[in-house]
Amino acid sequence: MRKVLGRIVGVASVLMLSANMATAEGKLSLYNWGDYINPEIIDQFSKENGVEVTLDTYSTNEEMLARIQAGASGYDLVWPSVHMHDIMQQLGLLQAAHPNQMPGWDNIDKAAMRSHEDPNGDYCLPYAWGAVGILYNKKMIPELKSWNQFFEYAKANPGKVTMLDDLRETLGVGLIMTGATVNSRNPEEITKAENFIMEQKPNIGAFRYDVIPLVTSGDIAAGHYYVGGVLNTLQNPDLLGFVIPEEGATMYQEDVCLLANAPNPDNAKLFMQFLLRPEIAAKNSERLTNGVVNTAAVDLLPDALKSNPSINPSPEVRAKLQIFEDLGKDLRLYTRAWDRIKAN
Amino acid sequence: MIAGDTISTRKKRALFLLLMPITLVLGIFFLIPLGIMITYSFLEPGLYGGVEWNWYPYNYGRILGWPLNDYEEFEPIYLAIFLNSLKIAGLTVLFSLLICYPAAFWVSRMSPRRKNFVLFLITLPFFANLLIRIYAWLLLLRPTGFINSLLQGVGLIDQPLDMLFSNFAVIVGMVYIFTPFMFLPIYANVEKLDYSLVRASQDLGAGPVQTFLRVILPLTAPGIIGGSIIVFIPALGNFIVPAFLGGSKVQMTGNLIERSFLQSRDWPFGAALALLIMGSVVLLLVIQFARASRRESRGAA
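Protein sequence lines correspond, in order, to chains A and B. Positions 1 to 344 (our numbering) are the ones given, in order, by the first sequence. Positions 1 to 301 (our numbering) are the ones given, in order, by the second sequence.
Everything labelled a hint here was simulated from the structure, so no lab data went into it. Be aware that one or more of the hints could be misleading.
The calculated label-pair distances, taken between Cβ atoms and stated as ranges, are [said to hold, decoys possible]:
#1 Phe146/B with Ala111/A: 45 to 51 Å
#2 Asn344/A with Leu98/B: 26 to 32 Å
#3 Phe146/B with Glu152/A: 27 to 33 Å
#4 Gly218/A with Asn129/B: 23 to 29 Å
#5 Ala80/B with Arg67/A: 30 to 36 Å
#6 Ala80/B with His98/A: 48 to 54 Å
#7 Leu124/B with Arg67/A: 31 to 37 Å
#8 Gly218/A with Leu121/B: 31 to 37 Å
A virtual CB, placed ideally from N, CA and C, is assigned to each residue, including glycine.
Starting from the given sequences, assemble the full structure and let the hints guide the process.
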């Protein structure tokens, strides 16, 4: 997930991509994570359909939800994570776009139908998924395999590793290491995870999203990071590596959803159809280096991506990946644990 | 008589019209949001951000220890974070003052042309985006960064110094950001300093230390106090510098507020924290103004 840029800048950047403004027949307004779509496919859609496309970005699900709830109008499509998709559908913020009746729907991997609220794909189109693992510098750690090794290295080299500044992700690692599920609502399990992370904290250099430049330069040896980092390992295979740790990891998936108050629902559905085309899905994935939900697109991917164990993991590894569920009020157990970790 | 009245009413009307825009701006963009914040801080957090319209003073209990209910526990960490923020903001004021006070005297004695040029240089950083400038510090301070490579190149150190992601880095970043805000008020004061008073003090037999403490310092105190307040208040609420240069391990209340709104989905708690910061700043200002006015009335007497 190359959400990082959006996170750094933190400001919704508006990207105007209009192939031919004079002949534009309509508009389409996208609200997506920062750097989470290949601009070339937006351009292509724009040219094919004569639609003027605008793209705004956000850096957390909560930020997006807050803006939509506060009445931000004018957006057609959003890219919530699956648990946020469920929340938004329950809150009545989405409308059914019926991607399951669009040509090419059969190519969507059935394992990607992860939404509880939308099991048949009446509302949203699965977009991409990925694991959250470790990006590391091979000059400093020749081969990294597990969280255990990560924390051992940190103990020997304090300050040389980072973890994500995200309470669910980082406490999630604590839960995995103490043998609980990442969606635990059990206060004791969460306390154990809190204590685990707290023990590691003196050795962790920073809680941070933007680590690619620091790992590349060797300022830090390894960073808890999204699978989108594979793009950099492919460009620099001798220096950088990405691994889904043996103990297991968290994963995420985003779906493309049509907002209830979308001003251009027809163009939005057209865009969903466009995303369903295998060659478009493949082109997008080359840029995202995320897991692919379109089975026909997998065959069109370059070998380096198709055979990459982080992007296209084996069934055994997939079985160890856990996706976040919405915890409702129990999220407070996590926020309080995280506040304590941060403060001490 | 009549002419005088018209002039005074006209003056009043002009004043009213001139003050109208700023009053409206402050009313709409300050008082209304403040009212929203105060209201929210006493409401129950909504499940997915936002608020439930139920009376819920326990957000304050979580921070201050009272009142509490079954769900909210008192966590002393929030006060500890607040004290840490006070410390960092205080150190920021101290170091920027140490930099700016001598510099202001230096600049005030320059020729007018050089003076203008130097003042331009001091405001120059504002031309670049704050985030970019903070990012530049990250590049300077990191283990393979400019400062470490330079020190290693000269042979002063063997191993790179661990400067990034520490309290040190946060204070460097804060002092860097806020130095111009400290400099300008002090400079405005130092520029006006009447040197005949300094000479008079010397003629009357005061030593350099005595002259400084009893003449120069009191005369420039308003600039120091003004600059300190202007630096202290935004420094207390800053969250970008601790997030970037402190690696999110150094916590200030600003980070906590940001997290309450964007990650924890607990707007009322964020609002309560923000109001407590604001409250303490207002208290500080009130004390300061009370002292200043007491001093003035004493001076008048």
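To see whether the hints hold, each was checked on the structure:
1. Phe146/B with Ala111/A: 45 to 51 Å: holds, 48 Å
2. Asn344/A with Leu98/B: 26 to 32 Å: Holds, since Asn344/A and Leu98/B (Cβ atoms, about 31 Å apart) stay within the stated range.
3. Phe146/B with Glu152/A: 27 to 33 Å: holds, 32 Å
4. Gly218/A with Asn129/B: 23 to 29 Å: 27 Å Cβ-Cβ, so the 23 to 29 Å window holds.
5. Ala80/B with Arg67/A: 30 to 36 Å: holds, 33 Å
6. Ala80/B with His98/A: 48 to 54 Å: Because 53 Å falls inside the window, the suggested range holds.
7. Leu124/B with Arg67/A: 31 to 37 Å: holds, 35 Å
8. Gly218/A with Leu121/B: 31 to 37 Å: Holds, at about 35 Å.
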